[in-house]
Amino acid sequence: MKKVIATTKAPGAIGPYSQAIDTGSFVFVSGQIPVNPATGEIPAGIEAQSAQSLANLKAILEEAGLSTANVVKTTVFLADMADFAAMNAQYAAAFSEPFPARSAVAVRELPKGVLVEIEAIAAK
6 MKKVIATTKA
16 PGAIGPYSQA
26 IDTGSFVFVS
36 GQIPVNPATG
46 EIPAGIEAQS
56 AQSLANLKAI
66 LEEAGLSTAN
76 VVKTTVFLAD
86 MADFAAMNAQ
96 YAAAFSEPFP
106 ARSAVAVREL
116 PKGVLVEIEA
126 IAAK
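Each residue of the sequence shown is one higher than the one before, starting from 6 at the first, in our numbering.
Treat the hints as calculated values from the structure; they're not laboratory data.
Glycine is no exception: its CB is placed at the ideal position from the N, C-alpha and C atoms.
Be aware that a few hints might be false.
[To be verified] Calculated pairs, DSSO-like style, for lysine-lysine (alpha carbon to alpha carbon, straight line, at most 27 angstroms):
| no. | residue 1 | residue 2 |
| --- | --- | --- |
| 1 | Lys78 | Lys63 |
| 2 | Lys63 | Lys129 |
| 3 | Lys117 | Lys14 |
| 4 | Lys129 | Lys78 |
| 5 | Lys129 | Lys14 |
| 6 | Lys8 | Lys63 |
| 7 | Lys78 | Lys8 |
| 8 | Lys117 | Lys63 |
| 9 | Lys8 | Lys129 |
| 10 | Lys129 | Lys7 |
[Said to hold, decoys possible] Pair ranges (Cβ atoms, derived):
| no. | residue 1 | residue 2 | range |
| --- | --- | --- | --- |
| 11 | Gly118 | Phe89 | 16 to 26 angstroms |
| 12 | Gly50 | Arg107 | 18 to 28 angstroms |
| 13 | Pro103 | Glu46 | 26 to 36 angstroms |
| 14 | Gly45 | Tyr22 | 29 to 39 angstroms |
Work out the full structure: start from the sequences and follow the hints.
See below:
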């Protein structure tokens, strides 16, 4: 059985999907783009966008009763792989050892023209 996780502390879904799904053993968090949930604004630059995407991810995890310590796998989507180092600095500040497994890929385009999107799988 699956349970929907939703919070107003992260941007709402922009389509027919949930912010996260709790399966009982794992929580699957949908890709988070850097939209400030309070203002709807998107910050400028990869550092600020990475930090906002991670803040949105953390808010959803907290709604599920979890933290970044529960995250076992992430996928980072970048509009430009040249932004990897700057994103990685924000990512390193958001997670601690043992770090989750991760994939990072460059994509042609992301929703709303953002520079980064981050999704996660967390174990309960």
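Verification of the supplied hints:
1. For the hint linking Lys78 to Lys63, the alpha-carbon distance of about 14 angstroms falls within 27 angstroms, and the restraint holds.
2. The straight-line distance between the Cα atoms of Lys63 and Lys129 is roughly 15 angstroms, inside the 27 angstroms bound, and the hint therefore holds.
3. Restraint check for Lys117 and Lys14: satisfied, since their Cα atoms lie roughly 19 angstroms apart, inside the 27 angstroms limit.
4. Restraint check: the Cα-Cα separation between Lys129 and Lys78 comes to about 13 angstroms, which is no more than 27 angstroms; the hinted pair holds.
5. Pair hint Lys129 plus Lys14 holds up; C-alpha atoms about 21 angstroms apart against a cutoff of 27 angstroms.
6. Between the alpha carbons of Lys8 and Lys63 the distance comes to roughly 18 angstroms, so the proposed pair stays at or under 27 angstroms and holds.
7. As the CA atoms of Lys78 and Lys8 are separated by approximately 20 angstroms, the hinted pair is consistent with the 27 angstroms bound.
8. This hinted pair checks out: Lys117 and Lys63 have alpha carbons roughly 21 angstroms apart, not beyond 27 angstroms.
9. Distance check on the hinted pair: Lys8 and Lys129 sit about 13 angstroms apart at the alpha-carbon level, within 27 angstroms; holds.
10. For the proposed pair Lys129 and Lys7, the alpha carbon gap of about 14 angstroms is at most 27 angstroms, so the pair holds.
11. One distance hint, 16 to 26 angstroms for the beta-carbon pair Gly118 and Phe89, holds here, with the actual separation near 19 angstroms.
12. Checking the proposed 18 to 28 angstroms range against Gly50 and Arg107 shows it holds: the Cβ atoms sit about 21 angstroms from each other.
13. A C-beta distance of roughly 34 angstroms is found between Pro103 and Glu46, which places it inside the suggested range of 26 to 36 angstroms.
14. Checking the proposed 29 to 39 angstroms range against Gly45 and Tyr22 shows it is violated: the Cβ atoms sit about 19 angstroms from each other.
The structure fails hint 14 only (numbered hints given earlier).
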